[in-house]
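*Asks:* Starting from the known structure of chain A, fit chains B, C, D, E, F, G, H, I and J onto it as the hints suggest.
Chains as they are written, first to last, in UniProt numbering: chain A, 1 to 187; chain B, 1 to 187; chain C, 1 to 187; chain D, 1 to 187; chain E, 1 to 187; chain F, 1 to 187; chain G, 1 to 187; chain H, 1 to 187; chain I, 1 to 187; chain J, 1 to 187.
Hints listed in this document are in silico derivations from the structure and should not be mistaken for laboratory results.
Note that this is a predicted model, so its numbers are computed, not measured.
Mixed in with the good hints, there may be bad ones.
Here are the computed lysine-lysine pairs in the DSS-like style, where the Cα-Cα straight-line distance is at most 27 Å [unchecked claim]: (1) K6/F to K6/E; (2) K62/H to K17/H; (3) K62/H to K30/H; (4) K17/B to K88/C.
There are 10 protein chains.
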Amino acid sequence: MSLIGKEVLPFEAKAFKNGEFIDVTNEDLKGQWSVFCFYPADFSFVCPTELEDLQEQYAALKELGVEVYSVSTDTHFVHKGWHDSSEKISKITYAMIGDPSQTISRNFDVLDEETGLADRGTFIIDPDGVIQTVEINAGGIGRDASNLVNKVKAAQYVRQNPGEVCPAKWEEGGETLTPSLDLVGKI
Amino acid sequence: MSLIGKEVLPFEAKAFKNGEFIDVTNEDLKGQWSVFCFYPADFSFVCPTELEDLQEQYAALKELGVEVYSVSTDTHFVHKGWHDSSEKISKITYAMIGDPSQTISRNFDVLDEETGLADRGTFIIDPDGVIQTVEINAGGIGRDASNLVNKVKAAQYVRQNPGEVCPAKWEEGGETLTPSLDLVGKI
Amino acid sequence: MSLIGKEVLPFEAKAFKNGEFIDVTNEDLKGQWSVFCFYPADFSFVCPTELEDLQEQYAALKELGVEVYSVSTDTHFVHKGWHDSSEKISKITYAMIGDPSQTISRNFDVLDEETGLADRGTFIIDPDGVIQTVEINAGGIGRDASNLVNKVKAAQYVRQNPGEVCPAKWEEGGETLTPSLDLVGKI
Amino acid sequence: MSLIGKEVLPFEAKAFKNGEFIDVTNEDLKGQWSVFCFYPADFSFVCPTELEDLQEQYAALKELGVEVYSVSTDTHFVHKGWHDSSEKISKITYAMIGDPSQTISRNFDVLDEETGLADRGTFIIDPDGVIQTVEINAGGIGRDASNLVNKVKAAQYVRQNPGEVCPAKWEEGGETLTPSLDLVGKI
Amino acid sequence: MSLIGKEVLPFEAKAFKNGEFIDVTNEDLKGQWSVFCFYPADFSFVCPTELEDLQEQYAALKELGVEVYSVSTDTHFVHKGWHDSSEKISKITYAMIGDPSQTISRNFDVLDEETGLADRGTFIIDPDGVIQTVEINAGGIGRDASNLVNKVKAAQYVRQNPGEVCPAKWEEGGETLTPSLDLVGKI
Amino acid sequence: MSLIGKEVLPFEAKAFKNGEFIDVTNEDLKGQWSVFCFYPADFSFVCPTELEDLQEQYAALKELGVEVYSVSTDTHFVHKGWHDSSEKISKITYAMIGDPSQTISRNFDVLDEETGLADRGTFIIDPDGVIQTVEINAGGIGRDASNLVNKVKAAQYVRQNPGEVCPAKWEEGGETLTPSLDLVGKI
Amino acid sequence: MSLIGKEVLPFEAKAFKNGEFIDVTNEDLKGQWSVFCFYPADFSFVCPTELEDLQEQYAALKELGVEVYSVSTDTHFVHKGWHDSSEKISKITYAMIGDPSQTISRNFDVLDEETGLADRGTFIIDPDGVIQTVEINAGGIGRDASNLVNKVKAAQYVRQNPGEVCPAKWEEGGETLTPSLDLVGKI
Amino acid sequence: MSLIGKEVLPFEAKAFKNGEFIDVTNEDLKGQWSVFCFYPADFSFVCPTELEDLQEQYAALKELGVEVYSVSTDTHFVHKGWHDSSEKISKITYAMIGDPSQTISRNFDVLDEETGLADRGTFIIDPDGVIQTVEINAGGIGRDASNLVNKVKAAQYVRQNPGEVCPAKWEEGGETLTPSLDLVGKI
Amino acid sequence: MSLIGKEVLPFEAKAFKNGEFIDVTNEDLKGQWSVFCFYPADFSFVCPTELEDLQEQYAALKELGVEVYSVSTDTHFVHKGWHDSSEKISKITYAMIGDPSQTISRNFDVLDEETGLADRGTFIIDPDGVIQTVEINAGGIGRDASNLVNKVKAAQYVRQNPGEVCPAKWEEGGETLTPSLDLVGKI
Amino acid sequence: MSLIGKEVLPFEAKAFKNGEFIDVTNEDLKGQWSVFCFYPADFSFVCPTELEDLQEQYAALKELGVEVYSVSTDTHFVHKGWHDSSEKISKITYAMIGDPSQTISRNFDVLDEETGLADRGTFIIDPDGVIQTVEINAGGIGRDASNLVNKVKAAQYVRQNPGEVCPAKWEEGGETLTPSLDLVGKI
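Bound conformation, chain A alone (with noise of 0.2 Å):
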C-alpha cells in the first residue's frame, strides 16, 4: 500500500534554515501545509539545480500555506558547510533537514538501505501531517517544481470543497466536475 493518505511518522530532526540550527518534528507539520523534498547527497551535481528550482517556487508556495524543507542524510553540520560554499545553494531560505539517523527517510519509504541515501522523493503533506502526493525520480532524472504549485493548488481545493471532483490538468479557476450518479459512465 502506497504512503497516500498515511500520516507522517514521528521524527525529531535538526535542520539548517537562515543561518542558524533549528529544531524540527512531525508536530510541526500540523495545522500549515508542507513540502518534504528528499535528495541523496550535498556536494552532489543535480541536487544543487533541483534545490534552487525549488527555492524559485517558495515565495510562491508560502502564498499558498505551504512550508518547504529539503532532506538528506547529511548532517545539518554538512547542510551548512555546502550553504556556505555553493553559490546556487546560499539562495536557499527554506529549512534543509539533516537526516543522518535515516529515520525520516525510512519512515517516507524513499531509504536506499545499500548506499543510506534518499531517492528523490517530493511529498505534499496537508495540515493533519497526512500525504497527499507521493512522487519520486531515479537519479539523474530532474523534478521540475514549478508542478508543485498547482498540485498544492488541487490538493487544496479538494480538502476545502470535499465532495466536487477535480478532473486531471486541473488549474486554479478552471472548471470542476461535482461528481453526482447520473455522471457515471457518462463522462
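*Replies:* Structure of chains B, C, D, E, F, G, H, I and J alone, referenced to chain A:
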C-alpha cells in the same frame, strides 16, 4: 525503500485494447519504454478525464517508443463495457488492463487493501522492465499527463548518456551537466 | 465444515439499487429472509441471464418476505454502468452489491483467490442472519432461480414448525412428516 | 474458496449395493460422471424420502452415464440393516457408502464435527473426479433430486462444448449462448 | 498410564432405552455404579450375542445398584433401528448410547481412529464416576458378561471396606485379607 | 486408542525363573502365545494370591502353548528374595520379570508415574507379538486367572479360523458363528 | 554445578524402620543432621555389607545428632522383606526409604535412568536441609562408613565456628586454622 | 544422573609441574589411573593443607600407576607464583592445572557459576578415562587424601576382577565376595 | 555500538588494597572519577610493568579526584599473593579487583571467552558511572599510563564546561574552542 | 569480547584523497599497517583539529609503512566539499572514507544507532587485517595522534619479535622483556 530501480514483478493479465481482449505480461515490457497508469475504478468521476488526458499524449509517447497501459482492479469485461458506454473512454486506444486479482496493483504498491481499489499511481518503466519514476496522488487530485513526455525524455536521455547528469526542469535540447569532480560544491 | 448453520460474518458494502447508491451491512439481514447470489463479473456472458432470471422471481420472493442481493467483486460504479448499458440488467430492481475488497465473497467461501472473482454461489439466509442453503455451480452451468421460491418456502416452514420434518421435493401445502419415534426405520 | 473445480481427495470405503458389500475409492470416479449425496443418519426422518426421491432419478442419471452414491457416517452394516428394515430404502439400488471414519464427509467439507454427522450436501463430479456443483441444505429442508438431471446435462454440455456458454434455466436442446466480444454488455 | 482411577471425562449423548430416546451425561454416573460396554458396530456379528449376554446379567447387576450402558459410534437412530430388527437386540432394556461424534469412545481410549469404530471395551465405574476396571478384547474374542457381577461385587467390597484387601478369585462371602505388616512376605 | 492390535514395543529385561536369572526381550514373544501379568509390588498383599492363582493355571496355559510372565517394577533380585521368603511365591515356576527402569510398564500403559508402580494389568499376546486382550483392575480388586484359559482358547480359535466369528461366552467346542451377509441384523 | 550448598528438593516417601512403615519428607531433615545413603538394589551383593557397615556407625552418628536414611528405588515393602530375610540387614535400625517413583534418587542426581537404579551416593545434610558433602562410587567399590563420623564432625565444627577453617585430615580436637589475611600464601 | 561411569569430556589446559609449564589434555588420561583434585583458589586457606596432604600420598599413588592433577580456575602463572611463595605448596611435584576458562571445572560439574570457583571435588578416573568415584565437600570441610589409596586399590581390584564384588571397607588382601545367586538375600 | 556513554553495569567484587580485602561495587563509582585497568593475569610478564607504571600516576590521578582500580580474572587472594611476591606489585596502593566470576570483564566487553582472561583495556568513568574513554591493546603492546592524566583532565574540562569543545592534543590551560555556528567549516 | 585480535569485516567504500575519488575495501588493508580514525561529522568542531593533528603524524606513520584512513558517515562528496572549504582540512592528504551506509562504523562497533554518527574511535590494524589496538573517546575529548606512532612501533616490534614481551611506556630502542619462566612473580 521505494520501487525506484526495482524490476517489475511477474504478472499475467487480460486487457482490452482496440476492441479486442489481449494478454499482457511483465515480459511484454522488456525492450520498450512503458507507462503504467493506475486508477481506482471504471465508471467513476475523475478517472475518465485523466485517462482521456493520457490518450491525448499517447501519440507523442508512441513516437518516443513508449507503450501505455492503464490499470484498475476492474475486469477486462468492465473495461470493454466502459469503453462502449463513455464518450471519453471510447477514444482510448492504449491497453486497459484488468486486475481483479489485485496482483499488479499490489506489486506496484498502490493497492488500498481496505477498499480493494488502486491508488492513482503513474510509473515510467525502462526497456529493462525497471521502474524509473513514481507519482501517486490522493483521490481527487488529478494528474497532468503532459508532464509525462518530458519525464520520459529525461529518463531516455539519462539512459543514453550514462555519466551525464540531467538538472531539474530539464527539457529536450537544453543544456545538461556532465559531472566532474571540480563541480562538487560549486553549483 | 460447511457454512450451513453459520451466521453471516460482518461486512459493509456499497450497492446499486433503483438508480441509487445505498449502504448494505450484515446487520440489514436481521429480521428478514435474504437471498445472496454471487456471480463472477459484470459485462460477462451467462451472468446477465442468471440475474434476469432472478429478477423474474423477485416479486414472488418479496411476497415471502425475502430480500434479494446480487454480489460480484466489481464496484457499485460498475453495477450502475452495467445497469445503464445492458437491456437485461436494466430490468433489475434488487440491490447489486459491489465487493471490490473481496470481503463478502471470502466470507461466503466463494472467492477464487487466483482470479479475484466469485464462484456462482446462491445462499438463503434466515432472519437471524444464519445460512440455511448453499448452492454453487462451476462456470457455465446456469442456475435455475425458480427453485429458490420452493426452497425458501421449505426453509420458512421448517422455521415456523420446529419438530416437524419436511421431506424431499416438498411444495407448499404438501404433506409433511412430523417425526415420531415409531417412524424410525419405517419410512 | 469453494470446492468447485477441486479434485475429490483420496478415500477408501465400504458400501452396500444390491445386497452386497463392495469397495469404493476415489479412483472409481475417474471416467464416469458421479453424484454424491450426503445425509446425516440412517433410520432418521427426511433421509429416506430424499434417498427414495434420488432412487427415482437413478435410471435417468444412469442413462446420462452418471453413477450415484449416498454417503452417511453410518457403517455399511447399518446401511444393510436399514435396507432390510425400511420399505423406502429397500428400493435403493445405488451404492450406499459407509463413512464411520468421517474421512469422506470431512473431505467434502460437510462434516459437522460437533455431532459427527454429515450435512445434506449433493455434489456432481465430472469424469476427471472434479467437483462441478455443490448444494447443501440445512436440516429439514428436503432436496429435490429432479433438478439433478438438468444440472448434469448442463455440466455435460459445458464439458463437451468448451467456449460456449450455458445460460440460466438451461434445458437440453435449448438455445445456448456462444460468447463473443460483441455480446459484452449487450445481454 | 491406564484409565484406572481416572474420573470419566465430560460427555453428552443421546441413547435409546425402552422405546424412547433419552439424554445421558457423565453427571448421570454420579451416585450409582455403572458398566460401560463398548462395541464396534450395530448390525455386525459378535456384537448381538455379547449384548444379549449382557442383558442376561442386567437384572443381577441392577440388584447391585449397577446401571448398564452399551456404546457404539452408531447413532441412537440406528440403535432403535437395530432394536426393531434383531431378535436378540430387541430383548435389551438397558440404555444404548449413540456416540457418532466419537467423543465418549475417545475419552475411554477405545476409538480406532482409522475405522472410526470402538474397540470391545468393558468398564466398571464407581459412584464417584471413577473407572475401577478395564477389559478390552480384540475383534472376534467374545466377552463373558457373567464375570462382571463378581467383579462389581469385589469393587463394591473394596469401596465399603477400605484397608481390607481382596485376594484373587474373590467371591462374595469368601474370606478376605486384612493387610497387616506381619503378612508382608508371608503370603 | 487402546493397545489392542498393537505390537509389543521393544524391551530388554532380567527375570527370575526356576532359581536362575534369565534374559527376556520382546523378541522372545515371537512364535508363542504369551500372558503378561503386571502387579504393583513384591511383598505386598493381594499380589501373592493373584500370582499363586496364576501359577495354578500355568500348566493348562502351557498346554495351549502359552508362556506366562509376571512383571513388577521391582528388580529380579527382589523377585528371588520374595521367592525365597514367601510360601505362595515359592511355588511359582513361570518367569518373574524385573522392570526397575519402568520401561515395560510404560510400554503397556500401566505405569502409575506418581508411585512408580504398575497397575494390575493382564495381557494376552499372540505369536506375532500383538496384544489381543487387556484387563486392568484397580488396587484391591483381585483377578480371576481361570478366565485366562478360556480367553486364550477364544483368541487361538479366532486366529486359526479367520472369517469365523466367536460369540460371547465362547467355550472350546461350542458353536461359533461364521459371518455371512444374511446374518446382519438377524442375530 | 554440584549439589554442594543446595537445599534438598521436596519429597514424600514411605520407609521401613524398626518393624514399622513410616512417612519421611524433606521437612523431617530440618533441625537435625542427616546422612542419606543411596544404593542400587535390595537383595544384591555389596549392598548388605555397606548397609551393615553403616549400621555399625549408627550409634556414633546418633550421638552427634545425625539421623541416617538408606535409599533405594525398591519399595518399603521390599525393604521389610529384605529385613526379614537377611541376617545382615535384620540388624539395621535406621530408616530404609523406598523410592519406587525415583523422585529422591533423581533429586540427588544419582539415578541411572537406563537401569532405574541409584548410584552408590552418600550425602551429609545440615540442619537447614543443605547438602554439605557428596561421595559417589562406581558399582563394586565399597564405601567406608567410618569416614562419615569424621566428616560429620568437621562439618559440624565448620557450622559452629564460622570464620575458622578446617584443614585436611581434620579430626576432632585437632588444631584448626583461623584464617587471617597474613596467612595467605604463607601456608 | 551422576558422572560415575561417564568418560571425561575433552579439554586442553596448561599446568605447572616441576618448575615447568606443560600441556595437559583429556587424552593424557588414557592408559593410566588418574586422580583429579579440584579446589577453589590458590593463596586461600584450607587449600594448601589439602594439597600438601595429597602430595604426601603422591608416591603411594604413583606406585599404583596413578597420576595426580590438582585443578583450580587460577592460571598456571598463578600456580607457579604460589609454588614459589608457599612453603607447603613448594613441595608439590604433581601437575597443577590452570583452568581460567572454567572448562574443566564445568565438565566435572564442580563450577560455582556465581563465584567462578571450583567446589572441592576429588575424582578417580580409570585408564579408559572413565570416572569411578566422586567426592565433593562444602567449603571448610577438609578432605583426607589417605582414603584415596584404598579407593584406588578397590577400583583397580574391581577392574581386574570383573564379576567379583568388593564389600564395604575393603582393604587390599581382604576377603572379597564373588557374587552367586545363592547369596542373594543371605548376606 | 561502543561502550562510550554507557553506564557501568552492576557488579559486586572483592579487591585487595593496602593489605586488606575490601568490597567494591558499581555503586562506589558514583560521585568520583574512576579509572579501570584490565589485564590478563597476575604473575605474567608485561602486566607488572603496566601496573607499576599506573601506580606512578596514581598520586596525580588522586589529585584530580580519580580512584584507580586494576582488574583481572584472578581472585583477590591471588592479588595479595602477587603483591607479597613481586617487587613491582608490592608498590601498588590502588585497589586490585578480583573477577574470577568474569562478570566485570564481560560487562566491559574485554573478556576473551576462550581463555577466560581479560584484554588489556583501560576505561575512564565519570562521576555518573558513565564510561568516557576506552583504550584496548593486543597482548604485548604496553599501555602508557602517563596519557591518562591528560585524558582525565580533558574529560573533566568537557564535563565542567558543557558547550565548549576541546580540540585534539588538549592540555590543561591550553586554548579551547567554544563552538559557534560561524566556525563550521572554517576550522 | 572486544575487537582486539579480530579481522576487519568486509566493506566497500568511496573515499576522497588528493583531489580524487577512490575505492577502498577491506582487501586494501592486507600487506600494510593501517590506522582507522573515526569521527562523528564533517563541518563540526573538534573534528578538524583532530584530523589536522593526524595529518601532522602522517609522514611519520608512512615511514613506518602505515596507511591512514579517516572515516565518518558523511559521503565522499561531503569530504571533498569540506576539503575545499576548511583551511585545516585542506591540508589532509590521507584518504577520507565516506560511510553513509554506516557499514564500516557498525563493523568497528562505533556507530551510535540513534544519531547515525560514529564515535571517536582510533584503530591500528596489522598487515593481516587484524585489529591490534582500539581507542575510543566520548564527544569533546580530543585524541592525541602523537601517541599513535609509538603504539604502531610497539605493535610492529611485537609482530617481528614473537615471544618477546614489550613493557608499558615502550619506546623504540628501549629495553624489552623476553619472557622466561623465572621472571614470573619476580617483576
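*Asks:* Is K6/F close enough to K6/E, meaning Cα to Cα at most 27 Å?
*Replies:* Measuring from Cα to Cα gives roughly 23 Å; hence the hint holds.
*Asks:* Compare the distance between the alpha carbons of K62/H and K30/H with 27 Å, and conclude whether the hinted pair is satisfied.
*Replies:* Measuring from Cα to Cα gives roughly 16 Å; hence the hint holds.
*Asks:* Take a quick look at whether K62/H and K17/H sit within 27 Å of each other, Cα to Cα.
*Replies:* It holds: about 15 Å lies between the C-alpha atoms, which stays within 27 Å.
*Asks:* Verify the proposed pairing of K17/B with K88/C, using a straight-line Cα cut of 27 Å.
*Replies:* Roughly 25 Å between the alpha carbons, so the hint for K17/B and K88/C holds.
Consistency with the previously given hints is maintained throughout, with no hint failing.
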